[in-house]
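Peer 1: Okay, here's what each chain looks like letter by letter:
2 protein chains.
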Amino acid sequence: MSVTETGSAHPEAYAHLAAEAAKLDAQDVLRDKRAEFVLDEDSVYLDGNSLGALPKAVPGRIADVIGREWGELRIRSWTESGWWTAPERIGERIAPLVGAAPGQVVVADSTSVNVFKAVVGAVRIARGRDEARDEILVDAATFPTDGYIAESAARLTGCTVRPVQPGEVPAALGPRTAAVLLNHVDYRTGRLHDLPGLTAAVHEAGALAVWDLCHSAGALPVGLDAHGVDLAVGCTYKFLNGGPGAPAFLYVRAEHQGAFDSPLPGWNGHVEPFGMEPGFRPADGSLRGRVGTPDILSLLALEAALGVWDGVELDAVRAKSLALTDFFLRCVEAYVPEGRVEVVTPAGHAERGSQVALRCADAAAVMERLIATGVVGDFRSPDILRFGFTPLYLGFADVERAARLLAETLDTV
Amino acid sequence: MSVTETGSAHPEAYAHLAAEAAKLDAQDVLRDKRAEFVLDEDSVYLDGNSLGALPKAVPGRIADVIGREWGELRIRSWTESGWWTAPERIGERIAPLVGAAPGQVVVADSTSVNVFKAVVGAVRIARGRDEARDEILVDAATFPTDGYIAESAARLTGCTVRPVQPGEVPAALGPRTAAVLLNHVDYRTGRLHDLPGLTAAVHEAGALAVWDLCHSAGALPVGLDAHGVDLAVGCTYKFLNGGPGAPAFLYVRAEHQGAFDSPLPGWNGHVEPFGMEPGFRPADGSLRGRVGTPDILSLLALEAALGVWDGVELDAVRAKSLALTDFFLRCVEAYVPEGRVEVVTPAGHAERGSQVALRCADAAAVMERLIATGVVGDFRSPDILRFGFTPLYLGFADVERAARLLAETLDTV
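Chains as they are written, first to last, in my numbering: chain A, 1 to 413; chain B, 1001 to 1413.
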């Protein structure tokens, strides 16, 4: 996609798109959600795909968790304040956001650690059916940690890893494929991959599909159950606004839970954690994805943050997300001189997540200057300007303003 | 150790020991530290070996982390508020408490996950020297998660696990021993194991020693560097008061860091995390123990909690810990009818951690009743009353009162 020349010298273009933004904001069914977040009017926060904004419910809840639950009840809170069951309780809160029926999602550990559980778990299930399966296919453009962890999982289970572009997965599948690890949305380009189609292809080849939902959970409908996904992991501090480093989630499809054999069988995943048995007997359901003692402060901040989803339909989120990114692309096209940036994110809705990536050679310097104007996106090496669009708290006027300040910044760098 | 008959009907015994407690409290060099914790006068908290009490510095610090660092600075806090470097910065704060010079301790993930990193890492180092080493010895009385995780580590690295009582480790060592996983203090009995002697024996056999410091870090001097420990893990929510589920720490001895090959090579442990390289290149030093994005709220609560150690000498902590447990045992002997409980914790100082375990058949019911009196210990299946003594916030009058209420409870259950 190319951008037509208008530049920053055409105030009538600004006025036109600003008026359209006002109209779109007035029609926005999610517009009241913004009031549930801490945001300032001086900036446009387009980095919610890296760290979501603070939901207003969090500070008071955590003050109570620290002051009363920890400070006064102390050890009693493990039972009386529901700390012990938080990983599965919060998992159930996330489950409908990723299209999962109850009993399949647990919140614990980092995304990387959950990728390890999921990939080793998937390989073991695949080999339980057919010992000859010894290859793991991994998205060649993956966020790096998935690739690093998949390499480690392969090394420890006697498999090899083959990096493959997601579109080439169907051709790469074969009788040796044990598991395929894919990203639902590419962290760099914002490209949305075909989760239903690729999962079906993986199954046709007799392998298991493991999806990384870091950039889709909370941004668009995922449909884990509906599309037959085997295992999935996802982050909670991006579009789920759980706070910096909030624990990740693990989905293990119900039909696989009996065979899910975690490489991290910690005492929290034991069927009787306080039985203090010398041998590991896994708990039923998603509980066997738990490992060690849950990090309660981070977990309960996430739980409070998830309150913003009350009454929200994911279809409305998706519709607004696409409207926001469409509008941003139109504003960029109108304001930014042709050739100054290249739009990396696909134009087709079926291939777009909730972010827009623009390429320009001086992206690092541009983003630094842009952030100084109050428009906060991020830079991804070597040449990507990345903008995330969180439908729950962004409006169309924000988007128009961001594009305008981006154009001015590109004009002056 | 038996207890002599006195029972709850001898008020003169109470008066005598209560007077002694007052004298000991007056001489206590750590007595001002209690004011740095949130505690109430209605209870005696003897469960700090499970969840440490709340340091007063935590609530205000976390309110600022959430409200300003997350709420206002948002993504900028990863650099501007020092979030990114928190795992190693807090590691350096813990290092002197376990006798480690800088560059060897990092805080991240749960204890269970760190046991996995440490045991697989130790096995790989041992086999790098001698491929024939394929056995892992594990403390037969270990807290269960260590045993479960060691089994998984063994299975994934082609080793076997042999449970051994710590005292029998020297005899069990041999040319096939790769690594030995031991607890510094037994979680159930409170027995302190001989870390210097056992580590030396492990080294003499050409193997690596991995120590679990969950029940010793913050309770007594550990001396990791001085005693040549290879790898260690420990919990931060017990005697380090970091809060429920606060992340654990990992120690990798400087001389092993070049060969430390983590089974969880997440992007946070990469030498250039934002380089987004397809291949993993480990960071130097303790940084390679990092995995995924750190859970900032839990981490920074821990950091604030560690402020209570300012100006504290571990030798004074150890001296007071032993004095507290000695005094508790004397009070129990004076107040509790002979034969009602069996003291499980060793009498010798060299073999005692910072807890006292008493055995009685009806321990579960006794502990429930005792907690109702305001004396908070815990029950460990099947028959153990467990009492932890945190020298920073407990006094001798607390101890006398706890023993008195315990005697009364034992008399009425």
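Derived by calculation from the structure, the hints in this document are not laboratory data.
All values reported here derive from a predicted model rather than from experimental measurement.
Ideal placement from N, C-alpha and C gives every residue a C-beta, glycine not left out.
Honestly, I wouldn't trust all of these hints.
Ranges of calculated distance between the beta carbons of each label pair, as one might list FRET restraints [to be verified]:
#	chain 1	residue 1	chain 2	residue 2	range
1	B	R1129	A	R281	55 to 63 Å
2	A	G258	B	G1167	36 to 44 Å
3	A	V312	B	R1176	53 to 61 Å
4	A	G348	B	R1162	57 to 65 Å
5	A	R31	B	H1256	39 to 47 Å
6	B	E1277	A	P278	36 to 44 Å
Peer 1: Confirm or reject each hint.
Peer 2: The hints, checked one at a time:
For the pair R1129(B) and R281(A), the supplied restraint of 55 to 63 Å is violated, since their beta-carbon distance comes to about 35 Å. At about 40 Å, the beta-carbon gap between G258(A) and G1167(B) stays in the expected band of 36 to 44 Å. For the pair V312(A) and R1176(B), the beta carbons lie near 58 Å from each other, so the given range of 53 to 61 Å is met. Hint check: G348(A) to R1162(B), Cβ distance near 59 Å, so the stated range 57 to 65 Å holds.
In this structure the supplied range 39 to 47 Å is violated for R31(A) paired with H1256(B), their Cβ-Cβ distance being about 56 Å. One distance hint, 36 to 44 Å for the beta-carbon pair E1277(B) and P278(A), holds here, with the actual separation near 42 Å.
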